[in-house]
Amino acid sequence: MRSDKIIETELLELLPKDRANDPTGKRLAELLARISMKKIPVNSFSRIWTLGSLQARVTAGYLAYWLRSRFRNADEKQRLKSEAHLAAALQLFGAMGYLRGAVMKVGQMLANLPEVVPEEFAEVLSALHFEAPPMHFAMVREVFLDEFGREPEELFATFDRQAFAAASLGQVHRARLHSGEEVAVKIQYPGIARTIKADLRNLRLLLQPLCLTIDWQDTLAKLADIERMLLMETDYTQEAMFCKLARSAFTAADQVVVPRIYDDYSTARVLTAEYLPGCHINDFLATDPGQGERDHFTRLLTVATYRLYYRLHWLPADPHPGNFIFMPDGRLGLIDFGCTLMLNDEEWIFSNVAIQAALDRDLPGLNRSMARACRFDDPDDMEPDHLEVIRQGFYWFMEPWQQEGLFDFGDRDFFMRGIDNVMEATRKGYTRSLPMTIWSNRFTFGGRAFCYKLKGRCEFRDIYLQESAGVQPNHT
Amino acid sequence: MRISEQAKQENRSRILDKAAEIFTGKGFEDSTTRDIALAAGLAAGTLFNYFPSKETLAMTMVSEALVQGREDYLRRCTGREDLAEELFLFVASGLRRLRPLRPFLGPVLERSLSPFPRKNVCHEGETARQEHLAAVQAILVRQGFTEAPDYVAMTMYWSLYLGILAFWSNDTSPNQEASQALIDYSIRMFVQLITGSGAAGGDEHAE
Numbered sequence: 049m050r051s052d053k054i055i056e057t058e059l060l061e062l063l064p065k066d067r068a069n070d071p072t073g074k075r076l077a078e079l080l081a082r083i084s085m086k087k088i089p090v091n092s093f094s095r096i097w098t099l100g101s102l103q104a105r106v107t108a109g110y111l112a113y114w115l116r117s118r119f120r121n122a123d124e125k126q127r128l129k130s131e132a133h134l135a136a137a138l139q140l141f142g143a144m145g146y147l148r149g150a151v152m153k154v155g156q157m158l159a160n161l162p163e164v165v166p167e168e169f170a171e172v173l174s175a176l177h178f179e180a181p182p183m184h185f186a187m188v189r190e191v192f193l194d195e196f197g198r199e200p201e202e203l204f205a206t207f208d209r210q211a212f213a214a215a216s217l218g219q220v221h222r223a224r225l226h227s228g229e230e231v232a233v234k235i236q237y238p239g240i241a242r243t244i245k246a247d248l249r250n251l252r253l254l255l256q257p258l259c260l261t262i263d264w265q266d267t268l269a270k271l272a273d274i275e276r277m278l279l280m281e282t283d284y285t286q287e288a289m290f291c292k293l294a295r296s297a298f299t300a301a302d303q304v305v306v307p308r309i310y311d312d313y314s315t316a317r318v319l320t321a322e323y324l325p326g327c328h329i330n331d332f333l334a335t336d337p338g339q340g341e342r343d344h345f346t347r348l349l350t351v352a353t354y355r356l357y358y359r360l361h362w363l364p365a366d367p368h369p370g371n372f373i374f375m376p377d378g379r380l381g382l383i384d385f386g387c388t389l390m391l392n393d394e395e396w397i398f399s400n401v402a403i404q405a406a407l408d409r410d411l412p413g414l415n416r417s418m419a420r421a422c423r424f425d426d427p428d429d430m431e432p433d434h435l436e437v438i439r440q441g442f443y444w445f446m447e448p449w450q451q452e453g454l455f456d457f458g459d460r461d462f463f464m465r466g467i468d469n470v471m472e473a474t475r476k477g478y479t480r481s482l483p484m485t486i487w488s489n490r491f492t493f494g495g496r497a498f499c500y501k502l503k504g505r506c507e508f509r510d511i512y513l514q515e516s517a518g519v520q521p522n523h524t
Numbered sequence: 274m275r276i277s278e279q280a281k282q283e284n285r286s287r288i289l290d291k292a293a294e295i296f297t298g299k300g301f302e303d304s305t306t307r308d309i310a311l312a313a314g315l316a317a318g319t320l321f322n323y324f325p326s327k328e329t330l331a332m333t334m335v336s337e338a339l340v341q342g343r344e345d346y347l348r349r350c351t352g353r354e355d356l357a358e359e360l361f362l363f364v365a366s367g368l369r370r371l372r373p374l375r376p377f378l379g380p381v382l383e384r385s386l387s388p389f390p391r392k393n394v395c396h397e398g399e400t401a402r403q404e405h406l407a408a409v410q411a412i413l414v415r416q417g418f419t420e421a422p423d424y425v426a427m428t429m430y431w432s433l434y435l436g437i438l439a440f441w442s443n444d445t446s447p448n449q450e451a452s453q454a455l456i457d458y459s460i461r462m463f464v465q466l467i468t469g470s471g472a473a474g475g476d477e478h479a480e
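Top line first, the protein sequences correspond to chains A and B. Counted the way my numbering counts, the first sequence spans residues 49 to 524. Counted the way my numbering counts, the second sequence spans residues 274 to 480.
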């Protein structure tokens with residue numbers, strides 16, 4: 049067992065720092081230590097994720113940071129009260145955990161509600177994503193018997209007992225088909241959907257006292273949307289459909305690959321896809337790639353995401369580093385389409401109207417779009433500062449669209465301006481927005497954090513022009 | 274009239290088949306041996322030559338399913354499982370064989386496997402219990418335990434197992450997936466109990 053001292057030191061390093069009230073993160077670490085000392089009944093789904101583990105505490109730390117930010121301007125009495133609620137909420141968060149998948153997804157999403165997105169957070173999340181799988185092989189075999197009536201070794205020519213990756217709500221095993229193809233088999237934890245529901249119910253319960261005053265209905269709407277998307281992720285049949293559509297959107301010349309799905313080996317709980325050789329971003333960066341390679345993959349990623357946006361009207365809302373494979377032959381692999389938001393026609397038009405208004409420098413039009421995104425009928429209903437902060441954020445989003453030539457996503461100033469804008473909006477409580485913005489923010493920040501890490505550049509405007517030229521009209 | 278051994282076997286399996294149908298259709302409590310005999314084309318008295326009671330009849334089905342489950346488990350076992358995984362495989366294999374009987378199993382198990390002292394101990398139930406526990410002992414030996422666990426540990430195991438059965442027989446989730454999580458957790462608890470070690474991360478918190 050690791051010594052507590054090491055854990056505490058690491059915890060301090062990993063926790064978010066509140067510049068004004070808690071610059072060292074010590075107060076937050078103490079709060080977490082206090083809570084993790086308390087005993088809570090763990091359920092079968094939480095045995096991996098009590099607050100005893102460092103990762104869980106870091107995640108809880110970000111949650112705490114987010115919750116606290118809502119009380120920045122409260123008086124002392126209110127703050128103390130909120131602290132008590134916070135402790136209770138975090139404790140429950142620890143109990144929610146077994147589904148490291150689900151909890152991390154929730155954590156990830158809470159982090160990506162336009163409140164907290166410091167760059168380190170992407171690091172923490174990607175580390176957490178690849179945890180050792182808690183389903184032992186006997187349990188995997190039971191899932192196979194239920195889904196296919198056969199054992200994995202019967203269904204496949206070979207099947208690895210050990211999972212090689214954690215995935216959305218499950219784990220992934222390598223296998224080979226009898227016909228020789230190498231595949232990645234994603235298996236879902238039994239009963240995860242009801243745990244997601246229970247977890248979100250608990251979350252609502254515990255957020256309630258914290259959100260009594262500010263935009264509670266808005267929070268509820270967002271939580272409902274998160275629940276909807278999470279439950280959608282539990283249906284691998286739907287993900288298979290997304291994969292196939294995405295796969296058809298790229299040609300060999302694009303150098304973007306979406307793995308083939310093997311229907312005969314896939315069900316709602318098991319998804320078998322072509323195995324893509326390659327590595328994830330951290331291993332790629334460890335090879336000390338040159339600027340040319342970094343730019344190459346930045347370009348592929350940009351083409352890939354905007355192809356999906358313009359052609360299929362999708363926001364791939366899980367821009368998790370684990371979902372991108374740097375293939376040895378220079379191609380980019382896209383895996384995991386569980387969390388894909390299909391924009392309906394109204395959302396699609398709304399999104400493009402805003403983009404066009406920014407491109408045309410149509411200020412009244414842009415203001416109308418921003419007001420709508422924040423769920424106001426009219427820009428005049430918004431405080432001028434509110435409108436200004438939101439608009440600045442959108443301008444930041446649009447910067448690459450307006451620059452001719454290479455755009456440098458590795459530019460620290462550029463990235464930090466985006467983060468600062470989100471922080472400012474949070475600090476001022478400007479968080480009311482359409483549920484759709486959870487996913488569009490996640491899409492934007494996830495993608496940009498990835499390219500920032502990659503220190504990559506691409507001719508974004510050219511890509512946008514090229515991809516939007518292939519735009520599909522409305523679905524209906 | 275004496276009948277051949279083959280005819281006896283045929284009668285026996287026909288009775289079991291019909292009983293399963295009737296139990297499933299009417300529930301265990303509302304089914305009578307008379308219904309079963311009628312369906313099997315036998316006189317009620319003849320049925321008693323095979324099975325002395327409705328309970329014995331049902332428990333025979335359970336025992337046979339559990340024997341098959343044990344065979345499945347032995348066949349499926351690769352020798353690479355650790356203790357928790359092997360116990361999971363054993364329990365899950367048994368439940369899979371019991372699955373067709375699930376619609377009427379609750380009251381049967383309650384009567385026949387109850388750990389409380391009773392006047393009429395169900396012989397089949399008692400045999401099933403002993404065989405199950407013997408299989409658990411064999412797993413422990415294979416996993417390197419030199420001493421047999423004492424009555425406390427085995428009583429706790431049996432309590433957990435009965436809890437699993439009770440929950441599972443009433444589990445409405447698809448493929449009883451909620452039970453799978455319960456089995457996993459129960460087994461980890463038991464393993465923790467007899468090995469004195471944490472079975473998985475996160476257990477430090479519970480100390």
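These aren't lab readings, by the way, just hints derived from the structure by calculation. Cβ atoms here follow ideal geometry from the backbone N, Cα and C, with glycine treated the same way. Treat the hints loosely; a few may be bogus.
Where chain A lies over chain B, by a calculated footprint (3+ residues, C-beta under 8 Å) [to be verified]: (1) 310-323; (2) 355-363.
Chain B residues, not near chain A, derived (Cβ > 10 Å throughout) [stated by the list, open to error]: (3) A338; (4) P390; (5) A454.
Comparing the hints with the structure gives:
Chain A is given as covering the segment 310-323 of chain B, and this is violated because 0 residues of the stretch bring a CB closer than 8 Å to a CB of that chain, at least three being needed. Residues of the segment 355-363 of chain B lying with their CB closer than 8 Å to a CB of chain A number 6, which satisfies the three-residue condition for coverage. Taking the minimum C-beta to C-beta distance to chain A, about 15 Å, the non-interface status of B/A338 holds against the 10 Å cut. Distance check for B/P390 against chain A: the nearest CB is about 31 Å away, which clears 10 Å, and the non-interface claim stands.
Under the 10 Å C-beta cut-off, the non-interface status given to B/A454 relative to chain A is violated; the minimum distance is some 4 Å.
The structure does not agree with the numbered hints 1, 5 stated previously, though it agrees with the rest.
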